[in-house]
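Chemist: Sequence:
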Amino acid sequence: MLEKLQAIREKFLYLEEQLSDPGIVADMDKSKKVNKEYKKLQPIVNAANRYEKVLNDMNSAKDVLNTESDPEMRDMAKEEIAMLQPELDTLEEALKVLLTPRDPEDEKDVIFEIRSGTGGDEAALFAGDLYRMYGKYFAEQGWEVELLEENPGTAGGYSKLVLEVSGDNVYGKLKFESGAHRVQRVPETEAKGRVHTSAATVAVLPKMEPEDIDIRKEDIRTDVFRASGAGGQHVNRTESGVRFTHLPTGAVAESTESRSQHKNREIAMGRLIQQIKEAQLAKEANALSSQRRSLVGSGDRSEKIRTYNWPQNRVTDHRLEGDNKNFNLDRVVEGELGDLIEALTIADNAAKLQADVEQ
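Quick note: the sequence shown uses the numbering used here, first residue 33, plus one each step.
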């Protein structure tokens, strides 16, 4: 592990030099890419530096214990070893998690979609609550958010929202949010005070670029068309809607979310790439591909990944186990999702580590 850490430290120092290179600084795209990679390695390097310091202190204390005859010095060395061992174990486990291979898509920006599911007006209101919750979390992370589509519910909230979220490690932190979110509470329209159960779905799609997959321009047919506004109220006089067809596979993807044809091209291309990539994954690992495609489900209350229980002031993530699966609802709905997302990330990394051990 120490050799791997040294290689990462050397890469980190190289990136640090690049960040002060005038040629890199002048190129916005290169600068952004280097800075993103630099920030990704920073937590590993910080943990590695601390780990090596504690390890050196531990080795020094062991040397004293093995060579020193003075009882007082030996007792001090034993005390130091007893104090350092737990920290060393903790740091070693943390580094194992940090060094677990990450999904290469973790650094990608995302298309983030919220839809109301089962529950009528209450589901739309809950979709609005989720939008506010995630909005606060996005702001805390310093991410840029662009609203691409907004379909209000008939009694408030939203039937559908589509956002583009950009920043550092966006998909890495949001990928576990895909699925059905269930709410249990007394709706404002409920006269008898009965608790109702409704649902909304969240879909997190990494923004794919053409270079992420081998697609030839001549294999894509492009169609542009006029797209009406929300509810058909605003007639778009320009051909802003975009549809891409991948001729070899027959995959079709389109976008009408934005009034900008350029933005719709980006969204449609991302969707097309994702379709083609999932088709390739299906050939390599059909089970994994099926799991990815079924992340969201139908939006039924029973297909839940998380439950927001207002009467008990509790959020339960059903993919976690034991006491680790429950969180304070008041904090979560205010956008304090860090602990929840960290718990899901740790569980995912632990599963990967276990899979590596079993192999």
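No wet-lab data here; the hints were simulated from the structure. Every value quoted in this text rests on a predicted model; they were computed, and no experiment measured them. For every residue, glycine included, the Cβ atom is placed at its ideal position computed from N, Cα and C. Some hints could be false.
[Unchecked claim] Pairwise CB distance ranges, derived in the manner of DEER restraints:
id, residue 1, residue 2, range
1, V284, E69, 30 to 38 Å
2, D89, E353, 31 to 39 Å
3, E69, E125, 23 to 31 Å
4, Y46, M115, 33 to 41 Å
5, N345, M115, 37 to 45 Å
6, L97, D53, 17 to 25 Å
7, A311, R41, 36 to 44 Å
[As the list claims (entries may be wrong)] Each computed DSS-like pair below joins lysine-lysine, with the alpha-carbon atoms no more than 27 Å apart:
id, residue 1, residue 2
8, K168, K43
9, K71, K36
10, K64, K94
11, K295, K64
12, K62, K43
13, K85, K71
Chemist: Hints numbered earlier in the text: which of these fail when held up against the supplied structure?
Modeler: 6, 8, 10
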